[in-house]
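Chemist: Model the full structure from these sequences, guided by the hints.
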Amino acid sequence: MDVQDQTPATADSAADAPAVEDAAPKPVEEWPPREWRETTRSAGHRQAAIVAGAMLVMFAALVVLAIWASHNG
1 MDVQDQTPAT ADSAADAPAV EDAAPKPVEE WPPREWRETT RSAGHRQAAI VAGAMLVMFA
61 ALVVLAIWAS HNG
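With the first letter of the sequence shown counted as 1, position 7 gets the number 7 in full-length UniProt numbering; the numbers rise by one all the way through.
Just so you know, these hints were derived from the structure itself, not from any lab.
All values reported here derive from a predicted model rather than from experimental measurement.
All residues carry an ideal CB built from backbone N, CA and C; glycine is no exception.
Label pairs and their computed distance ranges (CB to CB): (1) Glu35 / Met58: 26 to 36 Å; (2) Arg37 / Leu62: 30 to 40 Å; (3) Thr40 / Val63: 31 to 41 Å; (4) Ile67 / Glu35: 47 to 57 Å; (5) His71 / Ile50: 25 to 35 Å; (6) Glu29 / Gly53: 36 to 46 Å; (7) Ile50 / Ser70: 22 to 32 Å; (8) Ile67 / Gln47: 24 to 34 Å.
Modeler: Structure representation (structure tokens):
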């Protein structure tokens, strides 16, 4: 269950019971807001792409170094 799906626990006492007008459930505020989730998701994908690209560049450099070292060893 997501945090957005959870509702606060209701009190058992009659004094704290909601009135008839408050019988309709209040909409739960999304947290974090949808705009933040979308921007952080795209930023996360961008960061993952940069890290993956850097790893490929380092791997290629190590392969070139290994080939060079095997011929000049």
